[in-house]
Amino acid sequence: MTFTRRSGLALLAGLTLTPLAALAQSDYPNRPITLVVPYGAGGTTDISARQMATMAEKVLGQPIVVENQPGASGTNAMRGVAAADPDGYTLIATTSSPSFVTPALRAVGYDTLADFTPIMNYSGPFHGVVVPADSPYDTLDALIEGAKSGAVTYGTAGAMGGAHLAFASVAKDTGTMLQHVPFDGASKATAAVLGGHVDAALVPAYRDLVQDGQLRLLGVLDGTNDPDFPDAPTLKEAGLAAEFPSIVGIMAPAGTDPAIIAKLETAFTEVASSDGFKTFMTDLSQPVRIMSGDDLSATIEENLAAYREIAKDLGN
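Quick note on numbering: my numbering labels position 145 of the sequence shown as 145, and the sequence is numbered without any gaps.
Heads up, a few of these hints could be off.
[To be verified] Here are the simulated lysine-lysine pairs, DSS-like style, with alpha carbons at most 25 Å apart:
#, residue 1, residue 2
1, Lys236, Lys172
2, Lys148, Lys312
3, Lys172, Lys312
4, Lys263, Lys148
5, Lys278, Lys263
6, Lys278, Lys58
7, Lys236, Lys148
8, Lys263, Lys58
9, Lys172, Lys148
No wet-lab data here; the hints were simulated from the structure.
Start from the sequences and build out the full structure, keeping to the hints where you can.
Below, the structure is given as structure tokens:
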């Protein structure tokens, strides 16, 4: 992990902590907390973060104010929170894109590993490889075989996102003609595959369309199986050396006191584990995927390295 000026100052501050400062930290929180969402209002990350905040403020005893800061695929908000005071009063609910996908592609003005302390992960939508119900492709193997003899088009929510990079890696490794068609958002990619404008789509929020028989699920991009469709293989289970794990995690600026991090992790994990939150997320068609702060940190580190390799292979 990179040793930054901030982490050095945080270490020095920890070594010189006065009893008065320690008492103040034991009293945390004693004022409202801001939870930044790096996207606009109304999306699934925003909605789930607001529910998490509403339930967690009852545990912590202070209001949690959700603040939307959209822009630059979430990197603007990440940069702002990285520069915030590491006092536990500014947090971010972030996803795969600004945590490890975009930073693997270009300079973003922050280092996810050095500038943040992960608190916990509570969700992360599965991304499915879906085709129309009447598609000739009934398995991932069949889709890949089809792309060996002619172009197979697939839609995603946008160019150079995690889903695109994962399938670009598959195309390179298998020598197939998987042709990417970027759309402005996952809903438009889903509409395109429903309308037969692309052969397949790599999208979240596919559950109802698959259960209604409008789409067929061939597999998932994540490293684990979707509990709603346990027979749908991951890419690696299908023999393909790629995956796109999805996270929705809460992080604090690096240097935040470990006692504060522990208190927040306990509170947010209690909420995420509750029946009420699980019911809310089911109604939102989003999974509950709980990881500790340490496990979230390891996931980010592993995938930063993996996506840097993919980007390098693609000549980015």
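Now the hints, each set against the structure:
no.: 1; hint: Lys236 x Lys172; result: holds, 15 Å
no.: 2; hint: Lys148 x Lys312; result: holds, 24 Å
no.: 3; hint: Lys172 x Lys312; result: holds, 12 Å
no.: 4; hint: Lys263 x Lys148; result: violated, 53 Å
no.: 5; hint: Lys278 x Lys263; result: holds, 21 Å
no.: 6; hint: Lys278 x Lys58; result: holds, 17 Å
no.: 7; hint: Lys236 x Lys148; result: holds, 19 Å
no.: 8; hint: Lys263 x Lys58; result: holds, 13 Å
no.: 9; hint: Lys172 x Lys148; result: holds, 12 Å
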